[in-house]
Structures are given as C-alpha cells and as structure tokens.
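K.L.:
The hints should help you fit chain B onto chain A, whose structure is shown.
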Amino acid sequence: MNSVNAAPSLANPAEKEAPLLEVDHLEVQFFTRRGTVQAVRQVSFSIERGETLGVVGESGSGKSVMAQTLLGLTELPGRITGGDVRWKGESLVHDASATLARVRGNEIAMIFQDPMTSLNPVFTIGTQISEVLRRHLGHTRKQALVRAAELLDLVGIANAAARVKQYPHELSGGMRQRVLIAMALACEPELLVADEPTTALDVTIQAQILDLIGDLQRELSLTVLLITHDLGVVAGLCNRVAVMYSGKLVELASADDLYANPAHPYSAGLLRSTPRLDVVMPRLVSIEGTPPDMISPPPGCPFAARCDLAVTECLEEMPGLHTYPDGRKVACWRAFEVGRG
Amino acid sequence: MAEPLATEPKSVHTTAPHVEVRGLSIRFPVGRSGFWGGTTRYVHAVDEVSFSIGRGETLGLVGESGSGKTTIGRAVLRRIEPSAGTISFRGDDITTTKGKQLRELRRHMQLVFQDPYASLNPRKTVLELVAEPLIVHGLALNPKDAREQVADLLHRCGLPADTVDRYPHAFSGGQRQRIGIARALALRPEFIVADEPVSALDVSVRAQVVNLLQDLQQELALTYLFIAHDLSVVRHISHRIAILYAGRMVEIAPTHAVYDNPMHPYTEALLSSVPIPDPPLQRERRRIVLTGEIPNPVDPPPGCRFQTRCPLVHDRCHGETPKLEEKQPDHLVACFAR
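So the protein sequences, as listed, match chains A and B.
Numbering that gives the first Met the number 0 applies: residue 0 is where the first sequence begins, and numbers increase by one.
Numbering that gives the first Met the number 0 applies: residue 0 is where the second sequence begins, and numbers increase by one.
Chain A extracted, bound-state conformation (with noise of 0.2 Å):
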C-alpha cells in the first residue's frame, strides 16, 4: 500500500527493535463524588521511532487524560488504576518517580492546548526556555540564554536575541505556540506530545504551527503523538491514527486506511459529520445521540446506541480489540460492514 510513502521517516521496520512507547491495558479513573468516571478504559497501542500518531476523539473521550499519563502527569481525582505505560521497556507508572524525573521534559516533552496559559507571565521567554536547559543539561545562565535563542530560530522566531527578553504578553498566539515547541525542543526529546496544539489558533497561524512541527520532525527525526480533535489536522501530518470514544480505543490504522475506508462506524460516522472545504454538501451529516455517561458505561460497545449498524451482541459484550490481516485494529463486533449496503 501507499503507506509507506507516506512514512518517508519511519525507521527501517527490518531492525526490529523494541517499541519507543508502550500503552499496556491502560486504565485511567476519576473519584468524584457523583462517582468513578471511567475516562480510559483498556487502551493498548505503541508508537515506532520515527513515526507520528495522531490521537483522535471528541470532549471526554479520554485522549488528553491518557496523554497526561505518559508524564506523570495525571493528577487527583484521577489515577491509574491499571496497566502500564513503557518508555524503552521501562514503567512510567509503577515506582517511576526516579525515571519520570530523568524523562520527563528531557526524553519525552509535551506542549499543550492553550499557549496563553502555559507561559508564566512574570519571567521573560528566555529564562522560561532556561528553566529546562539549566534543570536537565545542567548549562550556565550564560550558555542556556544563548541556546535559547538558538531554539527559537529553530522555531522560526526572527529576531530571537532581542525576543529571549520580552516577556510572554508581548508575543501573539502563535508566536507564543512556537516558544512552547522551543521550550519543548531544549532537550533534544525523542518523543514530542502534542496535545492540541492549534486548537486554540486561528487557522492561518495552525498552517504555519502544523508545517513547524512536519519540519521539525523530518529534520531531527522526532516521534509525536498528535492529539486533536479536528480529522483535517491529522491528515495532513500523521502516519497512523488511533479512533478513541468514550475511554476506548476503537480503531487504530495507517492515516490513507482509515480515511479512505474506516473501519469503526464511529470512525465513518466522525469523517461523515467532518464538513470538507472542498466538498459541497446538501445538507451535514451527524451522528444522532450523545455519548454515554462515563460513571456507568453500558457494558456492551460504548457507540452502540448511536450506531446505525447495532445488534443485541453490540449492546451486550464489549468487542475487544482485533487485530486484522491488513494490521489495522478494530474493536467491532460488525467492523468492516460500514458502508457495505
């Protein structure tokens, strides 16, 4: 298939090597007091060196909690109440205050949705930037400040020796975006996490992030893990995508595969409900219903009551997560039956 051109960066899938990350049988759980929110239920998946995975799903389909989880980052109420996560072979979930610090910012580095609220207001960009590189590469004041502006040319900042002092409300959005990948950068990651990372951008600025961060991964062979909820913003930057739905993963495939033809009627039905710029529609299609609450899951398929394929299987047993021939996983009882009739 055509996939592999579209993976011009994937390594050589001949060396065989260990996964770079692990997502194991992951469970993730909120204790408030209307109840335990289910917000990631059994995900497993791994991300290759070299590749970019795009995380899809809607508002509480638990991609950012399940993101939050690869840094340690998952906070009360909510814990990991099952399964691991592993960076190299090693867990970053059991006894992994010593490895999170090692890796945390320095191995792995995360930018998130709001670039207004992830600045610290009262330090200039350059000691932000400093922060990480005095913390983990143990520079001087002097040599980071200078690294600094370096990344933030890197990041495609003009004039970056004079912006190392400004403070972070004399930049715009998507300057300050771009400082936060400078940031994330300062370490040399092997695996950037994007969670959302032109949401809240205007969608010229989200070009020029979404090019920033296709160059940056083809010039220093970074992995990322793209999460969003915008299909659009996959498509153009992904590899592979993996569907999740209320806490589940529902469909994991090559980024051409699932576009062209989704297996998960959830992941039809969400491409269906994406109005095209290039296409022009009668009227949009929509997914009737709502999710299921997260407190009490039914305990068959979560899609299963808006789902026009349902039959009393789906509503009664979860499918579990198969693996097909052409190596996309599904978790459908009906999987492959959308559109077909």
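Calculated directly from the structure, the hints in this document are not laboratory data.
Just to be clear, a hint being listed does not mean it is correct.
[As the list claims (entries may be wrong)] Not everything, but these chain B residues come out facing chain A in the computed CB check (under 8 Å):
no., residue
1, 206
2, 282
3, 286
[To be verified] Between beta-carbon pairs, the in silico distance windows are:
no., chain 1, residue 1, chain 2, residue 2, range
4, B, 157, A, 311, 25 to 35 Å
5, A, 97, B, 41, 53 to 63 Å
6, A, 142, B, 285, 38 to 48 Å
7, B, 307, A, 149, 18 to 28 Å
8, B, 38, A, 97, 53 to 63 Å
9, B, 147, A, 326, 55 to 65 Å
10, A, 292, B, 38, 52 to 62 Å
Using N, Cα and C, we set each Cβ at its ideal position, and we do this for glycine too.
P.N.:
Quick look at chain B alone, frame taken from chain A:
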C-alpha cells in the same frame, strides 16, 4: 407575511435588503497618551464596513480573532454604539433608535451565543430561561401560556418534552445550544445573529445544530448573520460570504464564488490553510502559508491592513487603502492587485 424563501443566492439578491450596514466604523478607547494624557488612543476594531442581507438569506461573516466579526454582529443588533456609519433594518435607519422603540426593535433581532456553557444561567430552569424574553416583552398571557409556548419552542428545536423543568447542567453542549436557540426564537424574530454557534461543539454534534439552524430558516423564513472562523461549516449554511481582515472587509461574494474563485490574497491563504480530512490530498495540496503578524489595531498602518503578510504586496498598498470594488458580478474585492 414573509417573502418566499430563496435557496439560490441570486434570487435573494434582487429583493430589498432586510438588514443593511453602510460605512460602519467602531473604535474603542484603550487609554490615554500625551503629556497630560490628553490624547485618547483607540482600537480600530471595525473600519468602514458595508454589507446588506436579503430577507431569508444567510450571510456568513468570516474572520480570524480580532478581525471585528463579533463587534459587527453586536453593532447590527444595537448592542454596541458605532463610531460612524448607519444600520438599517427593514428599510428603516435604526442607528439612533432609542428607548421604547429600540426595545420593540429587539424583539425582531436576536442573538445566538457561541458558548452554550457560559450563556445559560445555571440557576434557572429551562422554562425560566426560555420564557424570560416572553415575559419581558409581554408576549405570554399567563404562566400556563408561557409554559405551552416554551414547550412548543423546545419541541421545534429538537429537545424532549421533559426538558422544561431541568437545569442547564443536565444537558450536553449540543442540547444547551438548542436551548440557546429556542430562547433566541422565543420572540419570533425575523433576523438572527449567530455568533460562532457551533465552535464550542464536537464535530458529530456540530452538524446537528447546523442542520437545525437550516431547518428553522426554512420554516420561519429567518434571516441569518452567521459569524464563524470555520470556513468548512460556513460553506454549508451561507448564501453569501463576507471575509474580514483586521476590521476591514476584504471580499464579499456568493458562497460558490468565494470557494471556487477567491480573489483577495487573504481569502486564498485562508482557504488554503484549512486542512482537508483526506491524507493523500492534504499532503499534495499547494498551501499558501502566511508569514508575518496581524497589524496592531491601535495604530494600524496606513494603506491595506494585509500589507504586512500579503504575498502580492507592492508600493501602492503601503500608502493607499484599497476600496471594496465589484471585480466580477456580485463579487466585491478590496485589493489593488486584483
């Protein structure tokens, strides 16, 4: 009696405008400068904007943050005082309408808000929320009548009958937006300003609300000013589209013309920036990635506001402001290069 609903932009265009804005400028004071603080500085939020909307038509108003689209929407509803220009509704100049007449006017023009989480008072039931405009305007005869009218509105907006006595927190984003729409429709308005009504909603729910707005337009012959930054959604609901940049209108044309033949370099860049959910296509697409920054609206440079980012910029753009001109039938563009 409302005129028949137009489905084609052309037929709409020949009817007298329902809403008309001429030379609208809005400035906000942002502080003082000068030795004694005698000079007030202004943000030029909206500058010389003109457009009209026909009865039953949807005009999509598109622009990025800071382009003035929300400010225009509020000014049309007389919620913000314009610094210059006129606003007409049903052929009458309403720029200076006051008091009782203004309140009467408000019945006919309503607003649907962007954020369904912030725009509904959490301490009121849906009945109280939707009935409030009816009571304020004296359109409900008695509590029973109000309840019936509310039930009818909620039904129209696709909400279950047991909705009335519940509080907003019991509803999802899409349902809340339906409540917001029911509230806006309570006074049976002719004209609705929808300020990013689906931006806060998830994709699968977004389509439900867009379809509802379209159905309501058909049933009630509503005129919409649909404010958005998402070009893919606007395409599906608008008859005509106006593109704003930094407070000025750069292009206005029938929807198909904007998408098939964008003429302003900003419109082109904006369209090419929207990612398309089709990996092979998206990888191959020629994109115009703009560099540079949006000018500071406090001291905008003379000339075209887009000059700092425009790929086609030349000398004339720095000194002279391009006027909105009809470059093709019904297709108005403000650019010297086109």
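K.L.:
None of the hints should be skipped; say for each whether it holds.
P.N.:
Okay, the hints, checked on the actual structure:
For the restraint placing residue 206 (chain B) at the interface with chain A, the shortest Cβ-Cβ distance is roughly 3 Å, inside the 8 Å limit, so the hint holds. Satisfaction of the interface hint for residue 282 (chain B) is found here, the shortest Cβ-Cβ separation to chain A being roughly 6 Å, below the 8 Å cut-off. Given hint, residue 286 (chain B) at the interface with chain A, holds; its Cβ is 6 Å from that chain's nearest Cβ, closer than 8 Å. Hint check: residue 157 (chain B) to residue 311 (chain A), Cβ distance near 28 Å, so the stated range 25 to 35 Å holds.
Under the hint 53 to 63 Å, the C-beta atoms of residue 97 (chain A) and residue 41 (chain B), about 57 Å apart, fit the expected range. The hint said 38 to 48 Å for the Cβ distance between residue 142 (chain A) and residue 285 (chain B), and at roughly 42 Å that hint holds. Separation of residue 307 (chain B) from residue 149 (chain A) is about 26 Å and conforms to the stated range, judged on CB atoms against 18 to 28 Å. With their beta carbons about 60 Å apart, residue 38 (chain B) and residue 97 (chain A) fall inside the hinted range of 53 to 63 Å.
Our hint of 55 to 65 Å for residue 147 (chain B) and residue 326 (chain A) holds, since their Cβ atoms are close to 58 Å apart. Checked against the hint of 52 to 62 Å, the C-beta distance between residue 292 (chain A) and residue 38 (chain B) comes to roughly 58 Å, which is consistent with it.
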